[in-house]
Amino acid sequence: MLEAIILTVITAATPLLLAATGELVVEKSGVLNLGVEGMMVMGAVAGFAVTVSTGSPLLGIVGGAVAGVLTSLIFAFVTLTLVANQVASGLALTLFGLGLSGLMGESFVGQPGIKLQSLDIPGLTTLPFVGKILFGQDILVYLSFAAVFGVAWFLNRTRAGLILRAVGDNHASAHALGYSVIGVRYVAVMFGGAMAGLGGAYLSVAYTPLWVENMTAGRGWIALALVVFASWMPWRAAIGAYLFGAVTVLQFHAQALGIGFPSQFLAMLPYLATVIVLVAISGNRRATLFNTPSSLGKSFVPDR
Amino acid sequence: MKKLALLAGTALAFAIGAASGASAADKLKACWVYTGPIGDFGYSYQHDQGRLAVEKELGDKVETAYVENVAEGPDAERVFERFAREGCGIVFGTSFGFMDAELKVAKKFPDVKFEHATGYKSAPNMGLYNARFYEGRYILGQIAAKESKKALAGYIVSFPIPEVVMGINAFMLGAQSINPDFKVKIVWVNSWFDPGKEADAAKALFDQGADIIVQHTDSTAAIQVAEERGLKGFGQSSDMIKFAPKAQMTAIVDDWAPHYIKSVKAVLDGTWKAGDVWEGIKDGTVHMAEYANMSDETKKLAEETQAKIAGGWNPFTGPIVDQDGKERYAAGVVAPDGDLLGMNWYVKGVDDKLPQ
Chain E
285 MLEAIILTVI
295 TAATPLLLAA
305 TGELVVEKSG
315 VLNLGVEGMM
325 VMGAVAGFAV
335 TVSTGSPLLG
345 IVGGAVAGVL
355 TSLIFAFVTL
365 TLVANQVASG
375 LALTLFGLGL
385 SGLMGESFVG
395 QPGIKLQSLD
405 IPGLTTLPFV
415 GKILFGQDIL
425 VYLSFAAVFG
435 VAWFLNRTRA
445 GLILRAVGDN
455 HASAHALGYS
465 VIGVRYVAVM
475 FGGAMAGLGG
485 AYLSVAYTPL
495 WVENMTAGRG
505 WIALALVVFA
515 SWMPWRAAIG
525 AYLFGAVTVL
535 QFHAQALGIG
545 FPSQFLAMLP
555 YLATVIVLVA
565 ISGNRRATLF
575 NTPSSLGKSF
585 VPDR
Chain W
251 MKKLALLAGT
261 ALAFAIGAAS
271 GASAADKLKA
281 CWVYTGPIGD
291 FGYSYQHDQG
301 RLAVEKELGD
311 KVETAYVENV
321 AEGPDAERVF
331 ERFAREGCGI
341 VFGTSFGFMD
351 AELKVAKKFP
361 DVKFEHATGY
371 KSAPNMGLYN
381 ARFYEGRYIL
391 GQIAAKESKK
401 ALAGYIVSFP
411 IPEVVMGINA
421 FMLGAQSINP
431 DFKVKIVWVN
441 SWFDPGKEAD
451 AAKALFDQGA
461 DIIVQHTDST
471 AAIQVAEERG
481 LKGFGQSSDM
491 IKFAPKAQMT
501 AIVDDWAPHY
511 IKSVKAVLDG
521 TWKAGDVWEG
531 IKDGTVHMAE
541 YANMSDETKK
551 LAEETQAKIA
561 GGWNPFTGPI
571 VDQDGKERYA
581 AGVVAPDGDL
591 LGMNWYVKGV
601 DDKLPQ
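If you're matching them up, the sequences are chains E and W in order. 285 is the number of the first residue of the first sequence in our numbering; add one for each residue after it. 251 is the number of the first residue of the second sequence in our numbering; add one for each residue after it.
Isolated chain E (complex conformation):
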């Protein structure tokens, strides 16, 4: 039973983790992209379309990431090049993505998809208990962990990561030092788009191999909340995503076991947990301020 629960939690947490890791890098560079939901749903429709058209879920994943990048480029152009308000543009991107994906996906409604294969290593995957959990996942689950490792290492241990953080903390100084603020932010936003696209593709290719409009059902917003929840630290984002997945799945198990809580209360738990952790974290003001990118959401116009 525990093994089954853990397996379900992994699938519930992976799309959140992928999108949150991407958004974390975007926000670290000082850009607030509220369009995660829109990029995710574009990734979902593109992932599904490519999978069904080519018969290859792997190509579908690539397609999802590409669609995420293309969608994020619209946002990047509008907010970085044309210096539009980031909050408004991000919200618009979500609405745009939901609409466009519905239009693009119209002919794919009612078609069964192809599920992404899980890893199967003879001898390892069949190990009792840990076999399926550690060695029987699909490639995106491993990728989500690789991304957490990679982003943590990149931000804290590399020169490029230092530049990205500098751009996010004080774009005027970074610019004065000769770094291309806009360039760095373009790359960060595109990375965020790719990760959100992957998260969306995970939904339509691995989680539930089908395409229906709005299938992300608010997961992009949860990913956004997770970034704040994690106070911009990749490891905490992973913990948050799994905590969220675990509470969601456990409340279904509690219901099926007939534990006499009102189901609405159980459904509320994951969100309640987020709020409680947010309150707990914000108690430690210095640590929070230390991690918050100071230029977050502020537009930058180079003054020559």
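Since the hints were made in silico from the structure, they are not lab data. Ideal Cβ positions, reconstructed from N, Cα and C, are used throughout, including at glycine. It is possible that part of the hints are untrue.
Cut-off 20 Å, straight-line C-alpha distance, at most; resulting in silico cross-link-like pairs (SDA-like, lysine to any residue) [unchecked claim]:
1) 492/W <-> 337/E
2) 496/W <-> 398/E
3) 400/W <-> 288/E
4) 492/W <-> 286/E
5) 492/W <-> 394/E
6) 433/W <-> 538/E
7) 492/W <-> 340/E
8) 400/W <-> 542/E
9) 492/W <-> 288/E
10) 603/W <-> 338/E
11) 598/W <-> 542/E
12) 433/W <-> 287/E
13) 492/W <-> 395/E
14) 549/W <-> 503/W
15) 492/W <-> 391/E
16) 400/W <-> 544/W
17) 311/W <-> 339/W
18) 399/E <-> 400/W
19) 492/W <-> 393/E
20) 532/W <-> 563/W
21) 549/W <-> 397/W
22) 496/W <-> 395/E
23) 603/W <-> 549/E
24) 492/W <-> 338/E
25) 603/W <-> 340/E
26) 399/E <-> 480/W
27) 400/W <-> 541/E
Partial list, derived from the structure: chain W residues whose beta carbon lies under 10 Å from chain E [said to hold, decoys possible]:
28) 441
29) 494
30) 542
Assemble chain W onto chain E, guided by the hints.
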């Protein structure tokens, strides 16, 4: 997209009005409000198929418009009001949660005709229509009891409204008619439409020992989980056999086309009256997808029950005892429609506590 569709519709209406004056007024505008996306391949999709059937049947005598993804509750009021102001002759509200909003707008616009699906409040210009889905659910219950090896089904549900409670009860009455000890585990996902959560709920139910899944939510996610695990289940609203060729035993398919065509025609003829129609297997509004993936014996039983229901027999015929052991209907007594539409109690044998 919904905005685009609306804009395009309005622009078109203006264009026609400008070009040919009076002829636009002769055309009846029929409008639909959906709670989900028409691309859900479930509940809203089937309603939209009905709308398309109206367009096909009545051709240039009508024009249609729709808004999808409308949140249930007070917010829906704006959509109904806009349709009423835009010159819709008849507006269909297709979900239970639109009831109060639609009623409010109907009272404000006495000249516009309204119809509301699956609810119980009406007005002189607001009729009711519904489908007796519970007839199909009774058959599902019998199939589940015959085919389950563990005498345990998992049941994924959305919100505790009479329509859903009625479905659970009909399912259990069907199952108990085969095996009095049949059990059901119920999980509320508090959403009509979230494929991810529906899949998670299905996994939880299977992990806890159910080997058949029933759903009252709209996507194909749950039946796909059944397919993956080599277990069985039923489609919802649409025939989902393509998604689960080895798992779907049958599906309750909603066919709203006959009703919509009849209503829109009545408006055109000037014979429309606020009605209260509740059609089922007999009328073709509820029809069962092909029986598959079950033993011949079960299939025969299902077909016999279907014929019996089509012949006029009501699954809610007493004796029916509720959860607390109180007899609600004595032997031979048929539950009146009013009781069914306000149903807020479980029959005996359901372990869940009804959220109030």
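Structure-based check of all given hints:
A hinted pair counts as satisfied when its Cα atoms are at most 20 Å apart, and residue 492/W with residue 337/E qualifies at roughly 17 Å. With a C-alpha separation of about 15 Å, the suggested pair residue 496/W and residue 398/E falls inside the 20 Å cut-off, and the hint holds. Note on residue 400/W and residue 288/E: the hinted pairing holds, with a Cα-Cα distance of about 19 Å set against a maximum of 20 Å. For the suggested pair residue 492/W and residue 286/E, the alpha carbons sit about 32 Å apart, so the restraint of at most 20 Å is broken.
Straight-line distance between C-alpha atoms of residue 492/W and residue 394/E comes to about 8 Å, which keeps the hinted pair within the 20 Å bound. Distance check on the hinted pair: residue 433/W and residue 538/E sit about 17 Å apart at the alpha-carbon level, within 20 Å; holds. Restraint check: the Cα-Cα separation between residue 492/W and residue 340/E comes to about 19 Å, which is no more than 20 Å; the hinted pair holds. Restraint check for residue 400/W and residue 542/E: satisfied, since their Cα atoms lie roughly 18 Å apart, inside the 20 Å limit.
Taking the CA atoms of residue 492/W and residue 288/E, the gap is near 27 Å; set against the 20 Å cutoff, the hint is violated. For the hint linking residue 603/W to residue 338/E, the alpha-carbon distance of about 47 Å lies beyond 20 Å, and the restraint is violated. The straight-line distance between the Cα atoms of residue 598/W and residue 542/E is roughly 16 Å, inside the 20 Å bound, and the hint therefore holds. Between the alpha carbons of residue 433/W and residue 287/E the distance comes to roughly 25 Å, so the proposed pair goes past 20 Å and is violated.
Proposed proximity of residue 492/W and residue 395/E is supported: the alpha carbons are some 7 Å apart, at most 20 Å. Between the alpha carbons of residue 549/W and residue 503/W the distance comes to roughly 17 Å, so the proposed pair stays at or under 20 Å and holds. Among the hinted pairs, residue 492/W with residue 391/E is consistent with the structure: their alpha-carbon atoms are about 15 Å apart, no more than 20 Å. Annotation: proposed proximity of residue 400/W to residue 544/W holds, straight-line Cα distance about 15 Å (limit 20 Å).
Using a Cα cut-off of 20 Å, the hinted pair residue 311/W and residue 339/W holds, with the two alpha carbons roughly 12 Å apart. Straight-line distance between C-alpha atoms of residue 399/E and residue 400/W comes to about 28 Å, which puts the hinted pair past the 20 Å bound. The straight-line distance between the Cα atoms of residue 492/W and residue 393/E is roughly 12 Å, inside the 20 Å bound, and the hint therefore holds. Between residue 532/W and residue 563/W the CA atoms are separated by roughly 10 Å; this keeps the pair inside 20 Å, and the hint holds.
Taking the CA atoms of residue 549/W and residue 397/W, the gap is near 10 Å; set against the 20 Å cutoff, the hint holds. Annotation: proposed proximity of residue 496/W to residue 395/E holds, straight-line Cα distance about 16 Å (limit 20 Å). Distance check on the hinted pair: residue 603/W and residue 549/E sit about 14 Å apart at the alpha-carbon level, within 20 Å; holds. For the hint pairing residue 492/W with residue 338/E, the CA-to-CA distance comes to about 19 Å; that is within 20 Å, so the pair holds.
A threshold of 20 Å between alpha carbons decides the hint, and for residue 603/W with residue 340/E the separation of about 45 Å lies outside it, so the pair is violated. A threshold of 20 Å between alpha carbons decides the hint, and for residue 399/E with residue 480/W the separation of about 15 Å falls inside it, so the pair holds. Straight-line distance between C-alpha atoms of residue 400/W and residue 541/E comes to about 16 Å, which keeps the hinted pair within the 20 Å bound. Evaluation of the residue 441/W hint against chain E yields a held restraint, the C-beta minimum of about 7 Å falling below 10 Å.
A hinted interface residue such as residue 494/W counts as satisfied when its beta carbon comes closer than 10 Å to some beta carbon of chain E; here the least separation is about 8 Å, so the hint holds. A least Cβ separation of about 16 Å between residue 542/W and chain E goes past the 10 Å threshold, and the interface hint is therefore violated.
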